[in-house]
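Enquirer: Using the sequences and the accompanying hints, generate a full structural model.
These protein sequences, in sequence, are chains A and B. Under this note's numbering, the first sequence has 124 at position 124, and the numbering climbs by one with no breaks. Under this note's numbering, the second sequence has 222 at position 62, and the numbering climbs by one with no breaks.
Take these hints with a grain of salt, some might be off.
Facing chain B, from chain A, some residues (calculated, C-beta under 10 angstroms) [as the list claims (entries may be wrong)]:
| hint | residue |
| --- | --- |
| 1 | 45 |
| 2 | 48 |
| 3 | 49 |
| 4 | 50 |
| 5 | 57 |
| 6 | 68 |
In case anyone wonders, no lab produced these hints; they're calculated from the structure. Keep in mind it's a predicted model, so treat the numbers as computed, not measured. Using N, Cα and C, we set each Cβ at its ideal position, and we do this for glycine too.
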Amino acid sequence: MNRHRLSTWSLPSPTIGPPRGYFDSLARWLIASAAHHAPPTLAARLEEEWLAVLEEHGGTVTRLRHALGCCWATGVIAREHAEAVLTAASPEPQDLLPPRQPSFLLQRTAVALLIVGLHMLAIGALVAGFAWSEIPQNEAEATVYLTYGHSAALPPRSAL
Amino acid sequence: MGRKNRDVRISLQTLRVLEAFLDHPAESLSGSDVQKRSGLASGTLYPILLRLEEAGWFVSRWETVDPSEVGRPRRRLYRLTPGGLSRTSEVFASFGRGVPA
Numbered sequence: 001m002n003r004h005r006l007s008t009w010s011l012p013s014p015t016i017g018p019p020r021g022y023f024d025s026l027a028r029w030l031i032a033s034a035a036h037h038a039p040p041t042l043a044a045r046l047e048e049e050w051l052a053v054l055e056e057h058g059g060t061v062t063r064l065r066h067a068l069g070c071c072w073a074t075g076v077i078a079r080e081h082a083e084a085v086l087t088a089a090s091p092e093p094q095d096l097l098p099p100r101q102p103s104f105l106l107q108r109t110a111v112a113l114l115i116v117g118l119h120m121l122a123i124g125a126l127v128a129g130f131a132w133s134e135i136p137q138n139e140a141e142a143t144v145y146l147t148y149g150h151s152a153a154l155p156p157r158s159a160l
Numbered sequence: 161m162g163r164k165n166r167d168v169r170i171s172l173q174t175l176r177v178l179e180a181f182l183d184h185p186a187e188s189l190s191g192s193d194v195q196k197r198s199g200l201a202s203g204t205l206y207p208i209l210l211r212l213e214e215a216g217w218f219v220s221r222w223e224t225v226d227p228s229e230v231g232r233p234r235r236r237l238y239r240l241t242p243g244g245l246s247r248t249s250e251v252f253a254s255f256g257r258g259v260p261a
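Expert: This is the structure we're talking about:
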């Protein structure tokens with residue numbers, strides 16, 4: 001049913017008419033593309049159904065919104081379909097999970113400790129930074145004296 | 161299409177879709193009808209409809225009209241199954257709301 005529409009893979013030309021016509025074509029192209037990515041058993045049905053719904057929408061924005069929604073819906077439907085196929089093919093759902101290694105918990109603990117350690121280092125550095133910035137006024141002047149120790153005259157205070 | 165009458169994940173959006181059918185449970189609704197009643201966007205609505213259909217809560221069929229006569233494409237119509245209605249009733253009863261028999 002209308003399967004031939006799926007083979008049109010070129011974007012609609014903007015020169016086919018007024019903007020309304022262009023956006024209509026764009027919406028149809030989006031729906032056809034979305035249906036093409038749906039599971040094969042549903043592709044033709046979804047395309048026809050969604051195009052019929054598109055005809056019921058009046059405004060350009062509403063039609064584009066519907067077309068974009070169909071694209072989103074296709075992703076969800078395809079993912080759920082793939083999960084259903086995988087679940088049906090596997091006798092136990094646990095078979096889909098990778099085997100857990102004995103050192104798995106140790107690795108997680110090590111990573112957690114590493115994160116905690118990095119946080120403590122960062123906090124320590126911040127505290128040290130604040131302490132370093134709180135230099136008493138006398139010490140600051142002493143530093144200036146050391147810097148200019150060999151000059152005969154001290155620089156004016158405004159230059160500091 | 162797959163297993164029938166099995167459990168589905170009941171989200172708020174799923175409840176809104178089910179609620180759209182509750183006023184007239186025997187009525188067949190198109191996707192756009194459900195969309196108007198539930199206020200859901202297409203991207204949310206159609207995965208839910210297909211999920212409920214695969215679970216056996218809904219059945220769907222093509223509208224039996226001649227597109228050239230009515231001047232529009234045929235629509236896909238969804239209807240609650242008896243099992244789906246009873247499951248819907250259970251779901252809403254669990255939330256403290258009754259379903260018309």
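Enquirer: Does each hint fit the structure? Answer for all of them.
Expert: Do the hints match the structure? See the list:
1. Annotation: residue 45/A was flagged as interfacial toward chain B, and the flag holds, the nearest CB pair being 7 angstroms apart, inside 10 angstroms.
2. Given the 10 angstroms rule on beta carbons, the hint for residue 48/A holds: about 7 angstroms separates it from the nearest Cβ of chain B.
3. Because the closest C-beta pair between residue 49/A and chain B is about 4 angstroms apart, less than 10 angstroms, the hint holds.
4. Against a cut-off of 10 angstroms between C-beta atoms, the interface hint on residue 50/A holds, since the closest Cβ of chain B lies about 7 angstroms away.
5. A distance limit of 10 angstroms between C-beta atoms decides the matter here; for residue 57/A the minimum to chain B is near 8 angstroms, and the interface restraint holds.
6. At its closest, the beta carbon of residue 68/A sits 7 angstroms from a beta carbon of chain B; the interface hint therefore holds under the 10 angstroms criterion.
When held up to the earlier numbered hints, the structure conflicts with none and fits them all.
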